[in-house]
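Colleague: Could you slot chain B onto chain A? The hints should help.
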Amino acid sequence: QKEVEQNSGPLSVPEGAIASLNCTYSDRGSQSFFWYRQYSGKSPELIMSIYSNGDKEDGRFTAQLNKASQYVSLLIRDSQPSDSATYLCAVNLSNDYKLSFGAGTTVTVRA
Amino acid sequence: DAGVIQSPRHEVTEMGQEVTLRCKPISGHNSLFWYRQTMMRGLELLIYFNNNVPIDDSGMPEDRFSAKMPNASFSTLKIQPSEPRDSAVYFCASSLYRDSGNTIYFGEGSWLTVV
Chain A
1 QKEVEQNSGP LSVPEGAIAS LNCTYSDRGS QSFFWYRQYS GKSPELIMSI
51 YSNGDKEDGR FTAQLNKASQ YVSLLIRDSQ PSDSATYLCA VNLSNDYKLS
101 FGAGTTVTVR A
Chain B
1001 DAGVIQSPRH EVTEMGQEVT LRCKPISGHN SLFWYRQTMM RGLELLIYFN
1051 NNVPIDDSGM PEDRFSAKMP NASFSTLKIQ PSEPRDSAVY FCASSLYRDS
1101 GNTIYFGEGS WLTVV
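Chains as they are written, first to last, in my numbering: chain A, 1 to 111; chain B, 1001 to 1115.
Possibly wrong hints are sitting among the right ones.
Straight-line distance between alpha carbons at most 25 Å, and here's what the computed SDA-like set of lysine to any residue pairs gives [as the list claims (entries may be wrong)]:
hint, chain 1, residue 1, chain 2, residue 2
1, A, Lys42, B, Pro1008
2, B, Lys1068, B, Arg1022
3, B, Lys1078, B, Ser1031
4, A, Lys42, B, Leu1045
5, B, Lys1024, A, Lys2
6, A, Lys42, B, Arg1085
7, A, Lys2, B, Gly1042
8, A, Lys2, B, Pro1061
Okay, the calculated beta carbon distance ranges per label pair [what the hints assert, rightly or not]:
hint, chain 1, residue 1, chain 2, residue 2, range
9, A, Tyr51, B, Glu1014, 43 to 49 Å
10, A, Gly54, B, Glu1018, 49 to 55 Å
11, A, Gly41, B, Glu1014, 23 to 29 Å
Here are some, though not all, of the chain B residues that point toward chain A, as calculated from beta-carbon distances under 10 Å [said to hold, decoys possible]:
hint, residue
12, Val1004
13, Glu1044
14, Leu1045
15, Phe1049
16, Asp1056
17, Ala1093
Everything labelled a hint here was simulated from the structure, so no lab data went into it.
The structure displayed is predicted, hence computed values, not measured ones.
In this text, a Cβ means the ideal position worked out from N, Cα and C, and glycines have one as well.
Same shape as in the complex, but just chain B:
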């Protein structure tokens, strides 16, 4: 079974440009998460969806960030306009939430550099 698939793997963009990160969760999973990781702040949860519905977006840093999940097999994280401080690794993760626990599986990440 394919894991979580993210694209692009690496992106370098200029400040002010729009950035769109894409994610395909593991088939059959009902929860999807977007995390951001930096050396200074570690792994931060930005937003998570359950059954395609955004449940908690309190981690989204600013209005410049938005996320969508139009169907069970696709999600996007958009930054518009991008700033140098957005440079980080963005991980998408998915899980099949059960009462017994919620093991999440990460994609390989999208490495974003804003210059």
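With the rest of the complex left out, here is chain A:
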């Protein structure tokens, strides 16, 4: 089992819709969770971090964490064409120094 798994995608949504991205992780002791966005040809950039169970909202982005289910998700509301990118889930496994990344989910927002 991979340490961090994401729904494989690609995910295509119409402009204005909600894009839902899912991520599961294997280490029950993990405490820190991150979502990065990577545009084609660019480096990953941090868009959200979450540490506690529940929802965390930042603009059109909402991260949801359920440690009991070892599940973290990202919702993108009112999706825009500029949201078209690959979204990477990252987890600090057992509070290690390093982040383990999922394979990424590519999102395309259709105008």
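Modeller: Using the frame of chain A, we list chain B on its own:
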């Protein structure tokens, strides 16, 4: 504040040549990471340093790869000899590790092509 700075941004080299990638982390950060990204394997951690000390190099693919961090503001990743399968984007990233979490910030990457 400047972000993570990597050089060169792009390099094309012939098989068998030595390649050196350079990284300057964000000032004040105490952890540095080298990642490699390919379409087939995604983002892979090669090595990470904490306070200039290599903590985990289990991701380094072969003895042809080596990394150093002689001080808090500089690190190198060296491939000698290079092979076509080393073609990838190499990202350096840094963070200020805290008990509350470890947010890492990426450089713009070094795009390596070995022909």
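Colleague: Each hint: holds or not?
Modeller: Here's how the hints hold up against the structure:
{"no.": "1", "hint": "A:Lys42 x B:Pro1008", "in the structure": "15 Å, holds"}
{"no.": "2", "hint": "B:Lys1068 x B:Arg1022", "in the structure": "10 Å, holds"}
{"no.": "3", "hint": "B:Lys1078 x B:Ser1031", "in the structure": "19 Å, holds"}
{"no.": "4", "hint": "A:Lys42 x B:Leu1045", "in the structure": "17 Å, holds"}
{"no.": "5", "hint": "B:Lys1024 x A:Lys2", "in the structure": "31 Å, violated"}
{"no.": "6", "hint": "A:Lys42 x B:Arg1085", "in the structure": "21 Å, holds"}
{"no.": "7", "hint": "A:Lys2 x B:Gly1042", "in the structure": "13 Å, holds"}
{"no.": "8", "hint": "A:Lys2 x B:Pro1061", "in the structure": "18 Å, holds"}
{"no.": "9", "hint": "A:Tyr51 x B:Glu1014: 43 to 49 Å", "in the structure": "47 Å, holds"}
{"no.": "10", "hint": "A:Gly54 x B:Glu1018: 49 to 55 Å", "in the structure": "50 Å, holds"}
{"no.": "11", "hint": "A:Gly41 x B:Glu1014: 23 to 29 Å", "in the structure": "24 Å, holds"}
{"no.": "12", "hint": "Val1004", "in the structure": "9 Å, holds"}
{"no.": "13", "hint": "Glu1044", "in the structure": "8 Å, holds"}
{"no.": "14", "hint": "Leu1045", "in the structure": "6 Å, holds"}
{"no.": "15", "hint": "Phe1049", "in the structure": "9 Å, holds"}
{"no.": "16", "hint": "Asp1056", "in the structure": "7 Å, holds"}
{"no.": "17", "hint": "Ala1093", "in the structure": "8 Å, holds"}
Checked against the numbered hints given earlier, this structure breaks only hint 5.
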